[in-house]
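Visitor: Listed below, chain by chain, are the residues.
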Amino acid sequence: MATETTTVSDSPESYEAAVERLEEIIDRLDSGQSGLRETLDLCREGRELVKYCAAELDEVGEGLKELRLDDLAARLEVGSEPS
Amino acid sequence: MDQAPVQKQVGTGLPGPYSVGRYAGKLQDWMRERARVQLIGEVTGVGRSKVQAYFELRDSDGAIPCAIWLNDLEKAGLGDGSLRDGAEVVISGGLDYYPGGGQASPNFCFRATHVRLAGEGDLIARLEALRKQLRSEGLFELQKQLHRPRLPKTIGVVTAETGAARRDLLAGLQRRGWGGQVIWGFAPVQDRHAAPAIGRAVQDLAARPEVEAIVVTRGGGSLADLWAFCDETLCRTVAMLRVPVVSAVGHERDKTLIDDVAAVACSTPTHAAEAAVPLDCLAARESLERCAVSLRRAGEGAIGTRSRHLGALARGPARALQRERAALNQKIREIRAAAERGLADRVASQTRKGSVVLERARKRAIGADMEKRRAALRRAEVALRAHEPERTLERGYALVEGVDEEPLTSAAAAAAAGEVKLRFADGRVRARVSGDGDGDDDRER
Numbered sequence: 254m255a256t257e258t259t260t261v262s263d264s265p266e267s268y269e270a271a272v273e274r275l276e277e278i279i280d281r282l283d284s285g286q287s288g289l290r291e292t293l294d295l296c297r298e299g300r301e302l303v304k305y306c307a308a309e310l311d312e313v314g315e316g317l318k319e320l321r322l323d324d325l326a327a328r329l330e331v332g333s334e335p336s
Numbered sequence: 007m008d009q010a011p012v013q014k015q016v017g018t019g020l021p022g023p024y025s026v027g028r029y030a031g032k033l034q035d036w037m038r039e040r041a042r043v044q045l046i047g048e049v050t051g052v053g054r055s056k057v058q059a060y061f062e063l064r065d066s067d068g069a070i071p072c073a074i075w076l077n078d079l080e081k082a083g084l085g086d087g088s089l090r091d092g093a094e095v096v097i098s099g100g101l102d103y104y105p106g107g108g109q110a111s112p113n114f115c116f117r118a119t120h121v122r123l124a125g126e127g128d129l130i131a132r133l134e135a136l137r138k139q140l141r142s143e144g145l146f147e148l149q150k151q152l153h154r155p156r157l158p159k160t161i162g163v164v165t166a167e168t169g170a171a172r173r174d175l176l177a178g179l180q181r182r183g184w185g186g187q188v189i190w191g192f193a194p195v196q197d198r199h200a201a202p203a204i205g206r207a208v209q210d211l212a213a214r215p216e217v218e219a220i221v222v223t224r225g226g227g228s229l230a231d232l233w234a235f236c237d238e239t240l241c242r243t244v245a246m247l248r249v250p251v252v253s254a255v256g257h258e259r260d261k262t263l264i265d266d267v268a269a270v271a272c273s274t275p276t277h278a279a280e281a282a283v284p285l286d287c288l289a290a291r292e293s294l295e296r297c298a299v300s301l302r303r304a305g306e307g308a309i310g311t312r313s314r315h316l317g318a319l320a321r322g323p324a325r326a327l328q329r330e331r332a333a334l335n336q337k338i339r340e341i342r343a344a345a346e347r348g349l350a351d352r353v354a355s356q357t358r359k360g361s362v363v364l365e366r367a368r369k370r371a372i373g374a375d376m377e378k379r380r381a382a383l384r385r386a387e388v389a390l391r392a393h394e395p396e397r398t399l400e401r402g403y404a405l406v407e408g409v410d411e412e413p414l415t416s417a418a419a420a421a422a423a424g425e426v427k428l429r430f431a432d433g434r435v436r437a438r439v440s441g442d443g444d445g446d447d448d449r450e451r
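Protein chains in written order, with the numbering used here: chain D, 254 to 336; chain G, 7 to 451.
These are calculated hints, taken from the structure and not from any lab test.
Any given hint might turn out to be false.
Claimed, not checked - Straight line, CA to CA, 20 Å or less: simulated SDA-like cross-link-like pairs of lysine to any residue:
| no. | chain 1 | residue 1 | chain 2 | residue 2 |
| --- | --- | --- | --- | --- |
| 1 | G | Lys159 | G | Pro284 |
| 2 | G | Lys159 | D | Ala270 |
| 3 | G | Lys159 | D | Ser264 |
| 4 | D | Lys318 | G | Glu216 |
| 5 | D | Lys304 | G | Gly185 |
| 6 | D | Lys318 | G | Ala166 |
| 7 | D | Lys318 | G | Arg214 |
| 8 | D | Lys304 | G | Cys297 |
| 9 | D | Lys304 | G | Ser293 |
| 10 | G | Lys159 | D | Glu315 |
| 11 | G | Lys150 | G | Leu140 |
| 12 | D | Lys304 | G | Arg156 |
| 13 | G | Lys138 | G | Gly127 |
| 14 | G | Lys56 | G | Tyr104 |
| 15 | G | Lys32 | G | Gly100 |
| 16 | D | Lys304 | G | Ala298 |
Chain D extracted, bound-state conformation:
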């Protein structure tokens, strides 16, 4: 019996790691070689990854925000830099 790879990562370390894992999952599912339990686990993990990636994209999807380095430096000097 082939070893089933159903590692579920709670939190991807980065967007690219999440996408890489997502592609692995899709490839595995497309191969048709995963059993029912593995398929369901992969689908669950994949959905979590899709949610994570969508959230990451949302973070850079609300419009460009511009700051000036000298302004930030000035705020830092007076200790009023927003977090």
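Knowing the structure of chain D, use the given hints to seat chain G on it.
Guide: Quick look at chain G alone, frame taken from chain D:
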């Protein structure tokens, strides 16, 4: 140097003391005997007197005071104002020393006898030397080994505040659908102040934890215009940063030193935007949608396919039984047919065998029986002949018959008949019975 006719100083053990004027004169001679060379560098602090122009020639490693007689400057044929701060020039000359005098101050300088603006060739030669040096130190590889996030949320940008590069970079970022945070580190991008300012900006940006990539960019220009981006100190600074730097300085044909040490070198600010944010956010969203659809289908398909399979399996035993039954019936029909064919064959065979036996028996039986029958017949014929009435009649007896020639076997029958026929061996005669006596009497007589 000639020994001064003075008393030897006790304590230091050094020669002298000498007359300073004579020492200065000897120093002037010694300097003027040094080899004449060409120097290249950036002009700063240009000033003029009635007879000469003076300035400093410097680069990132050092500087030297220079002077040129005005008539030599005129012979050089530079345009008005060409010898100005920030100009890259090549000067020819040698060391000189003015010993001064009773009222005049001494002065050391590189006495230029010729000056020209540095050409591309000069700058390229300097650039190649620097490039070779930095490459040999492995500084070209450090940035390229850094991880570049595909989707940074904050990027730093070093560029001129009013340049077109800023606008192009923003447009490139927005085309990718990226709407993260940009921290601008504005700096001059063309003069001798540019390189230090750019260096400070990249260091300040790299010090901010949220900055995941830094873009250094400016528009095109001559190599002299872009020379700040070939500054050795700036390039060493960039090479050592732990944040990836994307350079986009000048156009495609312009290759500055910062391009060599940066993680990625791009030909335009637009390309720099793509390198700083490798992920096309619009395409990524579409791809993510497709992934979500694939996952949904895979999940639903896995259950649907398997439930259909299970259904098929559940119906399997009945189908198998039906198949087995059909197969069995077929076998039975075949066996029957075979049996019938076999029985008929055996019957026919047995019949053929029986016929042959019977025929043989019949033939055998007929042969033996005929002999017996013939013998019996012969015996019966003999016996029969012995009992034939004709044989008795031949011996002289007569047979009494009625007129109807039926035998009359008693006297009473003959008396009752009245008329009889007597049958002899040679023929019959009629006779009449007379008398009414009974037979007992007659037989007694």
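Visitor: If a hint holds in the structure, say so; if it does not, say that too.
Guide: We went through each hint and held it up to the structure:
1. G:Lys159 to G:Pro284: holds (12 Å)
2. G:Lys159 to D:Ala270: holds (16 Å)
3. G:Lys159 to D:Ser264: holds (18 Å)
4. D:Lys318 to G:Glu216: Roughly 13 Å separates the two Cα atoms, so the pair holds.
5. D:Lys304 to G:Gly185: Between Lys304 of chain D and Gly185 of chain G the Cα gap is close to 19 Å, so the pair holds against 20 Å.
6. D:Lys318 to G:Ala166: The hint holds at about 18 Å.
7. D:Lys318 to G:Arg214: holds (16 Å)
8. D:Lys304 to G:Cys297: holds (11 Å)
9. D:Lys304 to G:Ser293: holds (13 Å)
10. G:Lys159 to D:Glu315: Roughly 11 Å between the alpha carbons, so the hint for Lys159 of chain G and Glu315 of chain D holds.
11. G:Lys150 to G:Leu140: Within the cut-off at roughly 14 Å; holds.
12. D:Lys304 to G:Arg156: OK: Lys304 of chain D and Arg156 of chain G at ~17 Å, within 20 Å.
13. G:Lys138 to G:Gly127: holds (16 Å)
14. G:Lys56 to G:Tyr104: Roughly 17 Å separates the two Cα atoms, so the pair holds.
15. G:Lys32 to G:Gly100: holds (16 Å)
16. D:Lys304 to G:Ala298: holds (9 Å)
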